[in-house]
Amino acid sequence: EAGVAQSPRYKIIEKRQSVAFWCNPISGHATLYWYQQILGQGPKLLIQFQNNGVVDDSQLPKDRFSAERLKGVDSTLKIQPAKLEDSAVYLCASSSWKGGERTQYFGPGTRLLVL
Amino acid sequence: SQKIEQNSEALNIQEGKTATLTCNYTNYSPAYLQWYRQDPGRGPVFLLLIRENEKEKRKERLKVTFDTTLKQSLFHITASQPADSATYLCALALTGGGNKLTFGTGTQLKVEL
Numbered sequence: 001e002a003g004v005a006q007s008p009r010y011k012i013i014e015k016r017q018s019v020a021f022w023c024n025p026i027s028g029h030a031t032l033y034w035y036q037q038i039l040g041q042g043p044k045l046l047i048q049f050q051n052n053g054v055v056d057d058s059q060l061p062k063d064r065f066s067a068e069r070l071k072g073v074d075s076t077l078k079i080q081p082a083k084l085e086d087s088a089v090y091l092c093a094s095s096s097w098k099g100g101e102r103t104q105y106f107g108p109g110t111r112l113l114v115l
Numbered sequence: 001s002q003k004i005e006q007n008s009e010a011l012n013i014q015e016g017k018t019a020t021l022t023c024n025y026t027n028y029s030p031a032y033l034q035w036y037r038q039d040p041g042r043g044p045v046f047l048l049l050i051r052e053n054e055k056e057k058r059k060e061r062l063k064v065t066f067d068t069t070l071k072q073s074l075f076h077i078t079a080s081q082p083a084d085s086a087t088y089l090c091a092l093a094l095t096g097g098g099n100k101l102t103f104g105t106g107t108q109l110k111v112e113l
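So the protein lines, in turn, are chains V and U. Residue numbers for the first sequence follow our numbering, so the first one is 1 and each next one is one higher. Residue numbers for the second sequence follow our numbering, so the first one is 1 and each next one is one higher.
Because the hints were derived from the structure by calculation, they are not lab data. Take these hints with a grain of salt, some might be off.
Quick list of in silico lysine-lysine cross-link-like pairs, DSS-like style, CA-CA up to 30 Å [stated by the list, open to error]:
no. : chain 1 : residue 1 : chain 2 : residue 2
1   : U       : K100      : V       : K62
2   : U       : K3        : V       : K44
3   : V       : K44       : U       : K59
4   : U       : K3        : V       : K62
5   : V       : K44       : V       : K11
6   : U       : K55       : V       : K44
7   : V       : K83       : U       : K59
8   : V       : K78       : U       : K59
9   : U       : K55       : V       : K83
10  : U       : K110      : V       : K44
11  : U       : K55       : V       : K78
Label-pair restraints from in silico Cβ distances [claimed, not checked]:
no. : chain 1 : residue 1 : chain 2 : residue 2 : range
12  : V       : N51       : U       : L48       : 23 to 33 Å
13  : U       : E15       : V       : G40       : 21 to 31 Å
14  : U       : T78       : V       : G3        : 24 to 34 Å
15  : V       : L70       : U       : G16       : 50 to 60 Å
16  : V       : L70       : U       : E5        : 31 to 41 Å
17  : V       : K44       : U       : L48       : 39 to 49 Å
18  : U       : S29       : V       : S58       : 12 to 22 Å
Here a beta-carbon is modelled for each residue, glycine too, at the ideal position from N, C-alpha and C.
Whole structure, please, built from the sequences with the hints as guidance.
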C-alpha cells in the first residue's frame, strides 16, 4: 500500500512570497490533515478535511493560509504572503475511520525555510 | 489552559535496558491517547493507542499505561536497541473531537551500545 505522498520535500522562499504544498493521501482515506511542526515542537493541527469538507480549521491563520481538497482526494496548502515564523515542516496525514480505526498516517513532510 | 508535557531533555539509556517516557496532561478529558515515533527528516509513525477506560496496552516490546486520575501516560520500551533511538510523541484526542490530535513536544531517546 502506498503511503501519503507530499511535494515538494524542501522549499526556500523570501518573506512575503507565496508557496504551495501538495498532498496525496492513502487511497480510500476520507480524512486528511495538515500539521505545522516547528523545530523542537510537536505537530500542530492546521486543518482537517472529511472528504472535501472542512471539519476543523480553528488553528489555521486564515489571513495568510488557505487549504483545499476539491475532489476529496488530493489537497493543497498555500501560504500567501509568507512570514519568517512560517519556517517549519508541513506534514500531511490521512486516516480511514473504518472499523474504529484511529491511526493517522503521515507523509514525509515539506520543509519550508522563509528568509 | 490545556497542556501536554513530555520530558524535554533527551533520555540516554544503555542497550538492553527498559526506556520509560512520560506524558503528562492538564485540563484535558481525553477519549484516547496515542504514541508515535518520529525519526529525523520523517513524519511520525503510529505505535500504540490506549483508550480512557484501558489501563495498559502491549505490543511486542512496547507497553503503554494510562492513568486518568494522575493524568499521565507512561511509554515503556523493554530490551531497548540502538534502532529504537528516535523522538517519541504522545498525542491526545478528546471525546467528540473528530479524531483531532493534540501532540506533546516529544522526547528524544538515545539507546547506546
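Evaluation of the provided hints:
Between K100 of chain U and K62 of chain V the alpha-carbon distance is near 19 Å, which keeps this suggested pair within the 30 Å criterion. As the CA atoms of K3 of chain U and K44 of chain V are separated by approximately 13 Å, the hinted pair is consistent with the 30 Å bound. Of the supplied pair hints, the one linking K44 of chain V and K59 of chain U holds, its CA atoms being roughly 27 Å apart against a limit of 30 Å. Between K3 of chain U and K62 of chain V the alpha-carbon distance is near 24 Å, which keeps this suggested pair within the 30 Å criterion.
Our distance criterion of 30 Å between C-alpha atoms is met by K44 of chain V and K11 of chain V, whose separation comes to about 20 Å. For a cut-off of 30 Å, the pair hint linking K55 of chain U to K44 of chain V stands: about 27 Å separates their Cα positions. Using a Cα cut-off of 30 Å, the hinted pair K83 of chain V and K59 of chain U is violated, with the two alpha carbons roughly 43 Å apart. In summary, the hint linking K78 of chain V to K59 of chain U is not supported, as the alpha carbons are separated by about 39 Å, beyond the 30 Å threshold.
Between K55 of chain U and K83 of chain V, the direct Cα distance comes to roughly 44 Å. Violation of the 30 Å bound is thereby established for this hinted pair. A hinted pair counts as satisfied when its Cα atoms are at most 30 Å apart, and K110 of chain U with K44 of chain V qualifies at roughly 24 Å. With a C-alpha separation of about 42 Å, the suggested pairing of K55 of chain U with K78 of chain V is violated against the 30 Å cut-off. Separated by about 28 Å at the C-beta atoms, N51 of chain V and L48 of chain U satisfy the suggested range of 23 to 33 Å.
With their beta carbons about 26 Å apart, E15 of chain U and G40 of chain V fall inside the hinted range of 21 to 31 Å. About 28 Å separates the C-beta atoms of T78 of chain U and G3 of chain V, a value consistent with the hinted range of 24 to 34 Å. Look at L70 of chain V against G16 of chain U: about 52 Å separates their beta carbons, and that is inside 50 to 60 Å. Between L70 of chain V and E5 of chain U the C-beta distance comes to about 39 Å, which sits within the given range of 31 to 41 Å.
Between K44 of chain V and L48 of chain U the beta carbon distance is about 22 Å. The supplied range of 39 to 49 Å is therefore violated. Roughly 18 Å separates the CB atoms of S29 of chain U and S58 of chain V, a value that falls within the hinted 12 to 22 Å.
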